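Chemist: From first to last, the protein sequence lines stand for chains S and P.
Here the first sequence is numbered in our numbering, starting from 8 and rising by one per residue.
Here the second sequence is numbered in our numbering, starting from 18 and rising by one per residue.
Treat the hints as calculated values from the structure; they're not laboratory data.
In this text, all values refer to a predicted model and were calculated from it rather than measured experimentally.
Each residue gets a CB set at the ideal place from its N, CA and C atoms; glycine is no exception.
Be aware that a few hints might be false.
DSS-like cross-link-like pairs, simulated, lysine-lysine; straight-line CA separation at most 25 angstroms [stated by the list, open to error]: (1) Lys392/P x Lys48/S; (2) Lys365/P x Lys10/S; (3) Lys97/S x Lys357/P; (4) Lys316/P x Lys47/S; (5) Lys110/P x Lys96/S; (6) Lys308/P x Lys406/P; (7) Lys110/P x Lys18/S; (8) Lys316/P x Lys48/S; (9) Lys426/P x Lys365/P; (10) Lys47/S x Lys392/P; (11) Lys101/P x Lys83/S; (12) Lys422/P x Lys291/P; (13) Lys10/S x Lys426/P; (14) Lys250/P x Lys126/P; (15) Lys18/S x Lys357/P; (16) Lys399/P x Lys47/S; (17) Lys48/S x Lys399/P; (18) Lys101/P x Lys126/P; (19) Lys357/P x Lys96/S; (20) Lys110/P x Lys83/S; (21) Lys291/P x Lys250/P; (22) Lys357/P x Lys10/S.
Selected chain P positions facing chain S (Cβ under 8 angstroms, derived; list incomplete) [what the hints assert, rightly or not]: (23) Ser314; (24) Ala320; (25) Ser331; (26) Asn333; (27) Val340; (28) Tyr342; (29) Arg359; (30) Phe363; (31) Arg368; (32) Leu396; (33) Leu430.
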Amino acid sequence: MDKDKVIALAKLARIDVSDTEAESLAHEFEGILGYVAEVKKAVSGDDEKEKPALRNVLREDVSPHESGLYTEAILKQAPQREGEFVAVKKIL
Amino acid sequence: MIDLSTLTIASAREGLKSGAFTSRELTQASIDAIKEKDGVIHAFLEVFDDALGQADEADKQIKAGKDLPLLGIPLALKDNILVKNHRATASSKILEGFVSPTDSTAVRKLQQEGGAVILGRTNCDEFAMGSSTENSAFGPSKNPHDLSRVPGGSSGGSAAAVAGNMVLASLGSDTGGSIRQPAAFCGVVGFKPTYGRISRSGLIAMASSLDQIGPFTKTVTDAELVYEVLRGKDPMDSTTIEDDTYGTGKTFSKVIGVPSAFVEGDGLDPQVKKNFEEAVEKFKGLGYEIKPVDLPSLKYSLAVYYILMPAEVSSNLGRFDGVRYGLHSGGDHGIDDYFKTRAAGFGKEVRRRIILGTYVLSSGYYDAYYGSALKVKDLITKELREAFKEVDFILTPTTPTPAFKFGEKSSPLDMYLADIFTVPANIAGVPSLSIPNQTVPVEGSDLPLGVLLTADLGREDNLFVAGKEFLGE
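Build out the structure end to end from the sequences listed, making use of the hints.
Modeler: Pasting the structure below:
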C-alpha cells in the first residue's frame with residue numbers, strides 16, 4: 008500500500024484527499040490490513056455454505072402511494088432545485 | 018422536585034400512574050438536568066422544542082386512564098435515528114441542514130405503541146464509526162464518572178445521558194459494540210438484540226449486515242420494557258425476523274460458558290480480569306453452572322469485522338453526494354461536486370473507512386479479504402451456535418480496559434481493539450447484554466466495568482432472566 012494507491016482508491020470513492028493525508032492513510036492501512044489478513048489463516052477448505060434462516064424478502068411491487076405525496080418534503084432537502092427537479096451541473 | 022438519579026422507567030411509570038408527578042414535570046426535570054450538567058458532559062446535540070408538548074399529550078392520556086408501557090417517559094435518541102420534522106446529522110457535517118421527512122419505525126413504535134416522549138438527540142461518533150465519540154463533528158461527549166475520559170462509542174452520548182442522570186433511558190445503535198461498550202464505560206445497562214429483531218427503517222445505515230438498534234437503561238427490567246415496545250417484524254425493513262424465526266433451541270438450565278483462552282488474550286487489564294472473575298463467582302453463587310468452552314475462531318471476529326464493515330460502509334455512504342440532501346460543496350463540474358462535498362463533509366475516520374472498504378472490495382483483492390471474511394463469519398457463527406447447544410450464555414468482560422482518556426488511542430488499530438469482546442455478537446447476529454459490575458479505582462476515579470452475556474439467536478428472554486438475577490432486580 009502506498010500513497011498513489013490510496014489516491015487511486017479515493018478517486019474511486021469520489022473523495023478528494025491531499026498528498027499528506029494519502030501518505031498517512033497508506034501507513035495506517037498497512038497496520039490495519041496486516042491485522043485483518045489474519046482471516047486468511049482461519050479459512051479452511053471445507054466451508055460449505057448453509058442456507059441461512061434469515062431471508063432478505065422483497066415485497067411485491069403493488070399498491071404504491073398517491074403520486075406526489077412526498078415530492079415537496081423530499082425536494083425541500085435538496086441543496087439545489089429547479090421546480091420539481093433536483094438541480095445538478097451539466098454532465099455532458 | 019423530581020430526583021432523576023433515583024428513578025427508573027418502571028418506578029417513573031408508577032409515579033405517573035399514581036399522580037405523584039406528571040409527564041410534563043418529569044420531562045422538565047430532564048430538561049433542567051441537561052441545562053445544569055450538559056454544558057460539561059455534552060451528551061446532547063439538541064433538546065427538541067416539542068418535548069413538553071408531547072409530555073402534555075401524554076398527561077392527557079394518563080388522566081384518561083390510558084396505560085402504555087412507556088407512557089409519559091422522556092427518552093433520548095442517538096443522532097442517527099430519524100424523527101419526522103427534526104434534524105438528524107449522525108454527528109456529521111455532511112448532513113448539515115437535513116430535516117427528516119419521515120419517522121423511523123423505532124420512533125413510531127416508541128410514540129404510538131409505547132407512549133414515550135422523544136426528548137432529543139444525542140452525540141455519537143460520526144456515522145457511528147468509533148469507540149469514544151472523539152470522531153463526532155460536534156466535539157466529544159465526556160464520561161460522567163471522570164470528565165478526562167471518553168464515554169465510549171459510538172453511542173457515547175446516549176450512554177452519558179443516562180449515566181449522568183439527565184434522562185432515564187435512551188436508544189443507540191450497535192454495529193460492533195456501539196451500545197454495549199459505552200454502557201460498560203458509563204456503568205449502565207446496554208443491550209443489542211438478535212439481528213433483525215428491531216426494525217432499522219429510519220436508522221442511518223453504517224454496515225447493514227451488522228447494525229442493530231437497542232436501549233441504554235439503568236436496569237435490565239427497563240431494557241426489557243423498551244425492547245418489548247421496539248421489537249417485531251416490520252414491512253419497512255425486510256431483514257426483520259418473525260418471533261419464531263429461530264425457534265427456542267436448548268431448554269434454559271442456567272449454564273454459562275466461559276471462553277478463557279479468548280478472554281485472556283493480549284491487552285486484558287488486570288483489574289478487568291479480577292472484576293470478571295468476581296462476576297463468574299457471583300453467577301456461581303446465584304446457582305449458575307460455569308463451563309469452560311473452546312471457541313477457537315472467536316479471536317478472528319475483529320479482523321472479520323474490519324473487512325466486512327468498511328466494505329458495507331463504502332457502499333452505504335455512497336448516497337451522500339451533495340445532490341439530494343445535506344451539505345453541498347461546489348466544484349468546477351458535476352463529478353467534481355461529489356469530490357468536494359465528500360471531502361468537506363466526511364471526517365477523517367469516515368474517509369478512512371470508505372477508502373479501506375473500497376480497497377477490500379476492489380478487483381484482485383476481493384477474494385483475499387471480503388470473500389475470506391464472509392467464510393470466517395460463517396465459521397464463527399457455526400462455532401457459537403454449536404456452543405449454545407451446551408450452554409445458555411457465553412460470558413466475557415464487555416471491554417478489555419476501563420474507560421480510556423481522550424487522545425490516548427494513538428492509532429486507528431489501537432482504537433479498534435476496544436471492541437474485541439463485543440464484535441463477535443454482531444458477526445454471529447446473536448443477542449448480547451452488557452451489565453454493570455462494580456467500579457475499579459483508576460488514578461483517583463472510580464470507573465465502572467461491565468460484563469457481557471451473549472445468548473443464542475432469538476434468546477433475549479434468557480439474557481433478561483440472568484441479567485435481572487445478577488443485578489438483584
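Chemist: Please go over all the hints and tell whether each is borne out by the structure.
Modeler: Consistency of the hints with the structure:
{"no.": "1", "hint": "Lys392/P x Lys48/S", "result": "holds (11 angstroms)"}
{"no.": "2", "hint": "Lys365/P x Lys10/S", "result": "holds (16 angstroms)"}
{"no.": "3", "hint": "Lys97/S x Lys357/P", "result": "holds (16 angstroms)"}
{"no.": "4", "hint": "Lys316/P x Lys47/S", "result": "holds (13 angstroms)"}
{"no.": "5", "hint": "Lys110/P x Lys96/S", "result": "holds (22 angstroms)"}
{"no.": "6", "hint": "Lys308/P x Lys406/P", "result": "holds (13 angstroms)"}
{"no.": "7", "hint": "Lys110/P x Lys18/S", "result": "holds (21 angstroms)"}
{"no.": "8", "hint": "Lys316/P x Lys48/S", "result": "holds (12 angstroms)"}
{"no.": "9", "hint": "Lys426/P x Lys365/P", "result": "holds (15 angstroms)"}
{"no.": "10", "hint": "Lys47/S x Lys392/P", "result": "holds (10 angstroms)"}
{"no.": "11", "hint": "Lys101/P x Lys83/S", "result": "holds (13 angstroms)"}
{"no.": "12", "hint": "Lys422/P x Lys291/P", "result": "holds (21 angstroms)"}
{"no.": "13", "hint": "Lys10/S x Lys426/P", "result": "holds (24 angstroms)"}
{"no.": "14", "hint": "Lys250/P x Lys126/P", "result": "holds (12 angstroms)"}
{"no.": "15", "hint": "Lys18/S x Lys357/P", "result": "holds (12 angstroms)"}
{"no.": "16", "hint": "Lys399/P x Lys47/S", "result": "holds (18 angstroms)"}
{"no.": "17", "hint": "Lys48/S x Lys399/P", "result": "holds (17 angstroms)"}
{"no.": "18", "hint": "Lys101/P x Lys126/P", "result": "holds (13 angstroms)"}
{"no.": "19", "hint": "Lys357/P x Lys96/S", "result": "holds (14 angstroms)"}
{"no.": "20", "hint": "Lys110/P x Lys83/S", "result": "holds (18 angstroms)"}
{"no.": "21", "hint": "Lys291/P x Lys250/P", "result": "violated (41 angstroms)"}
{"no.": "22", "hint": "Lys357/P x Lys10/S", "result": "holds (20 angstroms)"}
{"no.": "23", "hint": "Ser314", "result": "holds (6 angstroms)"}
{"no.": "24", "hint": "Ala320", "result": "holds (4 angstroms)"}
{"no.": "25", "hint": "Ser331", "result": "holds (6 angstroms)"}
{"no.": "26", "hint": "Asn333", "result": "violated (12 angstroms)"}
{"no.": "27", "hint": "Val340", "result": "holds (6 angstroms)"}
{"no.": "28", "hint": "Tyr342", "result": "holds (4 angstroms)"}
{"no.": "29", "hint": "Arg359", "result": "holds (5 angstroms)"}
{"no.": "30", "hint": "Phe363", "result": "holds (7 angstroms)"}
{"no.": "31", "hint": "Arg368", "result": "holds (6 angstroms)"}
{"no.": "32", "hint": "Leu396", "result": "holds (6 angstroms)"}
{"no.": "33", "hint": "Leu430", "result": "holds (5 angstroms)"}
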